[in-house]
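Chains as they are written, first to last, in the working numbering: chain A, 682 to 1103; chain H, 682 to 1103.
Don't read these hints as lab results, they were simulated from the structure. Don't take every hint at face value.
Identical copies look the same in the list; a pair holds intra-copy or inter-copy alike.
Stated by the list, open to error - Taking lysine-lysine and the DSS-like style, the derived pairs with C-alpha atoms no more than 27 angstroms apart in a straight line are:
| id | residue 1 | residue 2 |
| --- | --- | --- |
| 1 | K817 | K1067 |
| 2 | K1101 | K1067 |
| 3 | K1067 | K797 |
| 4 | K922 | K854 |
| 5 | K817 | K982 |
| 6 | K770 | K1067 |
| 7 | K883 | K812 |
| 8 | K824 | K883 |
| 9 | K1067 | K812 |
| 10 | K701 | K683 |
| 11 | K704 | K770 |
| 12 | K1067 | K787 |
| 13 | K701 | K770 |
| 14 | K854 | K883 |
| 15 | K824 | K887 |
Protein chains: 2
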Amino acid sequence: MKEFVIKGDIIYLENKNEIKTYKNHYLVVKDGYCQGVFPHILEEYKDYVELDYSNKLVIPGFFDLHVHASQYQYRGTSMDLELIDWLNKHAFIEEAKYESIEYAEKSYSMFVDELKNGFTTRAAIFATIHKDATMKLMDLLEKSGIVSYVGLVLMNRNSPDYLRLKDDKDTLKMMEEYILESKKYQNTFPIITPRFTPSCTKELMKGLGELRKKYNVTVQSHIDENPSELIWVKELEPECKNYTETYSRFGLYGGDHHCIMAHCIYNNDEEIETLKNNKIFVAHCPESNMNVTSGIAPIYKYLDNGINVGLGSDVAGGSSLSLIRAARQAIQLSKMYYRYVDQNARQLNVMDAFYMLTLGGGEFFGKVGSFNKGYEFDALVIDDSKIPSLLDFSLLERLERFIYLGDESMLVSKFVKGEKII
Amino acid sequence: MKEFVIKGDIIYLENKNEIKTYKNHYLVVKDGYCQGVFPHILEEYKDYVELDYSNKLVIPGFFDLHVHASQYQYRGTSMDLELIDWLNKHAFIEEAKYESIEYAEKSYSMFVDELKNGFTTRAAIFATIHKDATMKLMDLLEKSGIVSYVGLVLMNRNSPDYLRLKDDKDTLKMMEEYILESKKYQNTFPIITPRFTPSCTKELMKGLGELRKKYNVTVQSHIDENPSELIWVKELEPECKNYTETYSRFGLYGGDHHCIMAHCIYNNDEEIETLKNNKIFVAHCPESNMNVTSGIAPIYKYLDNGINVGLGSDVAGGSSLSLIRAARQAIQLSKMYYRYVDQNARQLNVMDAFYMLTLGGGEFFGKVGSFNKGYEFDALVIDDSKIPSLLDFSLLERLERFIYLGDESMLVSKFVKGEKII
């Protein structure tokens, strides 16, 4: 199905500040790209297949900018610890299992299955230090129709013996192989993934920076997440003026293909400026930030300064792959930030949440996250009649109700790059 | 079905600090009361009907201590305002519609239907100022099998003209009729419901206190919810030393049948002592407290001081009737309280959440919320295989996963007072 027209109640952001709502309109897709939204089917599209989603919401796909596939199995447990303890007592023990390709295949199949059947159309994913298991995850994602960046996770210090890459030369060779082997995929891409500064020595970071330069591969990592982590980074890298510099000094920050930095809770003003100048994508992970007692990221500052922000489920610091939950949590947490951190802060609203869900995260993947002409067609068809009411709501109100009360049972169809995958 | 045995994976609190978990055990119910949990069926119960819920979780019902049935229709919208503005611009306009008994019947039918099909087995509910509509809600609840207290909401000041009771004598007469007429119900009870201090004059409060004394009816209201509300109450009732006294001076606080006070975010130390001494049930409503930017209640103080705490959905300050959402939000918000308000505060955990969901709220209704011998049998049967994993979890871990990832699609059966209603 290369050319088709979707009929429905269409909502998308033209840009961060302008929302478009079209009741009972027609959205035209050709070769994977949006052609426009019209009140009736134009003559030139009259031979296109028509998909009738009348009275359903048609919105762009959601983009998960931060998720650990290898922590999927124990999501929703062990939420009684702060970040560093939680890593040592739970995350690392589970991740070690991915040395077994059999375990990886079973586990990643379940992860990909849930991702495919949910709202996410594209994702930036952390795997583990194991190359074979990571390539298995990439195989499964490629087959699913989801578009993804998948990180072979790098850790060569402050990690248990069973989960530590011991020889930097071998590690960089493995990274190079993974980058080259990934060329066989259409929709699945490598991404350089130093776990976070405490896990990677300067020497390894330097090597990764060189690899990045050689292959023009993008980067994802964690930054400024938790107070105890910040103290630790300062101890580990005293010569750096801030956390940002631990990445940027080796070319693992900014650059042509924008990087993703997850969390960004405690970035100081200088770091915020650096975020902006380097066109970093902030992955905001509200559930995880609550669960491991990290804090509340000042997202309004980023949005109002033109910094890119998308949402991350951060499974398993977050329990749920569902970004609709992250969207409402982002609004709710911003209200607690206002109440307890800064009464000059702007509270986030439904428009901000919809932006982070769609265009804000989507643009990491290119012209994605809107139905503007020329954008790749990632879309969700939502049956919001499952949130019954006697009232007659506007399209914007229906969007708000979906953000607060929506779940995956309302997903009727899902499109990625113009392909219908559900 | 008066006598039956349920087979399943049984979890309940014996008391606030002791949890019982029984894999593959038998829970015996007779005439609506729990008889005990056994590893096999005893001789004396061998003729009882056996309900096989093997591998399912069997847990006590959940108790919604604070919900506005009359705000159900617009749940999940209009979340862009703080409490007082939100009341004036949305809540009051919707509540006025319940002057029409036809609207009330249609709307309340939908509300009761969702309540019946969810996790809640008993609830304390706010209706509106309209007696006929309120009695209609009570009729519908009585038929549903849910146990409830339903408040005819009282407002005689600071309310729009169309939603203000104008003659106290008429109002008290209406209240008396509602109390007397409610005697026809088995499972549906009246509850004196001054909306909150800003809505009720001293004279009305005094009359309500006398009515309470005459009929021994319990009380529900709001207290210490939002900073701007606190300032307003201080202006309105300058002679009271705190918000609590605006109720207690007229006998609308404490007493034989314990009262419910919703929110309790900004109670000072003296008020916390008064909460305890009067055996008040605190209705903790975390979603609403975020949505209308109220703040975070110091729930650990209440729990650790032996104060009763249950959860409230507070629809439509909260968007969702699902208390499992409130349970995880309670834990998550307590972590933000620790981070931003008081680093000496105790962070809530899964046990606290399970307590508030079951025994903490249940005891408002009597010996309810546990499977201890002699407790009324309110129970949920949960199919947690819908949260798939390769890992082998303990019953406590399964409970934690349900709290973080559970939803109503996992509800297999539901019992209230020993009656199977789903």
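> Which numbered hints are broken by the structure, listed smallest first?
Replying inline: 4, 5, 8, 9, 15
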